[in-house]
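Residue numbers (our numbering), protein chains in the order written: chain A, 0 to 157; chain B, 5 to 122.
No lab work stands behind these hints, which were simulated from the structure alone. Where hints are given, some of them may not hold.
Stated by the list, open to error - Among the chain A residues that face chain B by a calculated CB cut under 8 Å, a handful are: (1) Gly125; (2) Asp129; (3) Glu131; (4) Ala132; (5) Ala133; (6) Tyr136; (7) Ala139; (8) Gln140; (9) Leu146; (10) Leu147; (11) Ala150.
Glycine is no exception: its CB is placed at the ideal position from the N, C-alpha and C atoms.
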Amino acid sequence: MKTSRVAALLLLAAVALAGCGGPAARWIDEAAAAHAQADAFVRGGEPARAARVLDELVSRPVPAGVAAQDRRAVLQDAYARLAGLALGQRAPAQALRYAEAGLALGEARDVFTSALRTSRGRAHEGLGQDAEAARDYEAAQVVAEALLQQALSGRGAQ
Amino acid sequence: MSPRLLAAALLAATACAAPRPLPRNGATDADRAAALAEDRRADDLERALSTLSLEDKPPDCARACELVEEICDLSRRICLISGRHEGDAELASRCAAAEQRCRRSRERVPPSCSCQPR
Numbered sequence: 000m001k002t003s004r005v006a007a008l009l010l011l012a013a014v015a016l017a018g019c020g021g022p023a024a025r026w027i028d029e030a031a032a033a034h035a036q037a038d039a040f041v042r043g044g045e046p047a048r049a050a051r052v053l054d055e056l057v058s059r060p061v062p063a064g065v066a067a068q069d070r071r072a073v074l075q076d077a078y079a080r081l082a083g084l085a086l087g088q089r090a091p092a093q094a095l096r097y098a099e100a101g102l103a104l105g106e107a108r109d110v111f112t113s114a115l116r117t118s119r120g121r122a123h124e125g126l127g128q129d130a131e132a133a134r135d136y137e138a139a140q141v142v143a144e145a146l147l148q149q150a151l152s153g154r155g156a157q
Numbered sequence: 005m006s007p008r009l010l011a012a013a014l015l016a017a018t019a020c021a022a023p024r025p026l027p028r029n030g031a032t033d034a035d036r037a038a039a040l041a042e043d044r045r046a047d048d049l050e051r052a053l054s055t056l057s058l059e060d061k062p063p064d065c066a067r068a069c070e071l072v073e074e075i076c077d078l079s080r081r082i083c084l085i086s087g088r089h090e091g092d093a094e095l096a097s098r099c100a101a102a103e104q105r106c107r108r109s110r111e112r113v114p115p116s117c118s119c120q121p122r
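With the sequences and hints as input, model every part of the structure.
Structure follows, in structure tokens:
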């Protein structure tokens, strides 16, 4: 998922939670800050440090006040990025673990599932598990096709 | 008929429909049935109008183009795998289905979006 889309999503969630204050809003703010920090590390050629920041984000407990869909979106987005970073560092086994962790939070017809299925497919491919890779790519493609339908009907990305 | 024209026609139809008085105590079953049928027609029109207003939104071309590229990239990946496993009927069929999805996606995007292949 593009960084601008992630930023927009986090901003949206932060705005939605702004009135609530408290730990839920703080967690969303921290997630946005972690992504910004990871962006800076990636730009500076330090993907391992970017991964550490995001790994810390997914490892910390999520406050009870965070809505289930926000929790899933923020965590799955971070897991997909972590999987992408691991793939970039030629660590498919690590990428597979991250993608699995993200998908374990639930699948839907959205960008998160599509990104995680694609990452898991690439991880499987890196591990020589071609049949599993093809299945994941196909699942990602089916979700992307549904998202295309939404984009064409002017309902934008979900 | 374009969605806009159809919406206008539906609006005109609702605007022209004379308000029907509520059945009084002495109303017959036929009156009540007619009132109910009219309510249903009004609900149907309302639903049709909301659907039209949704369908009438312009497509998100940037996102659509991005998704088409994603779909076709996934198709390439699936077919590369299939190519490495000659004789695997399941992978060959996945490749064929994936290519079809890629083609279908390209065809679904209106020319006005003018997607540039990467």
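Does the interface hint hold: is A/Gln140 within less than 8 Å of chain B, judged Cβ to Cβ? At about 4 Å, which falls below the 8 Å cut-off, the nearest Cβ of chain B leaves the hint on A/Gln140 intact, so it holds.
Status of the A/Leu146 interface restraint (C-beta, 8 Å, chain B): 6 Å, holds
Verify the interface restraint on A/Gly125: the C-beta must sit less than 8 Å from at least one C-beta of chain B. Where the cut-off is 8 Å and the nearest Cβ of chain B is about 12 Å from A/Gly125, the hint is violated.
Let's test the interface hint: is any C-beta of chain B closer than 8 Å to that of A/Asp129? 5 Å, holds
Taking 8 Å as the limit, does the beta-carbon of A/Glu131 come near enough to a beta-carbon in chain B? Check failed: Cβ of A/Glu131 comes no nearer than 10 Å to chain B, outside 8 Å.
Against chain B, is A/Ala133 within 8 Å by beta-carbon distance? 5 Å, holds
Does A/Ala132 pass the interface check with chain B, least Cβ-Cβ distance below 8 Å? OK, holds: A/Ala132 within 8 Å of chain B, min 6 Å.
Checking hints one by one. Is A/Tyr136 an interface residue toward chain B, by the C-beta closer than 8 Å rule? 5 Å, holds
Taking 8 Å as the limit, does the beta-carbon of A/Ala150 come near enough to a beta-carbon in chain B? 4 Å, holds
Return the status of the interface hint for A/Leu147: holds when the least beta-carbon distance to chain B is below 8 Å, violated otherwise. 4 Å, holds
Taking the least C-beta to C-beta distance, is A/Ala139 closer than 8 Å to chain B? 6 Å, holds
Violated hints, listed in ascending order, are 1 and 3; each of the other numbered hints is respected by the structure.
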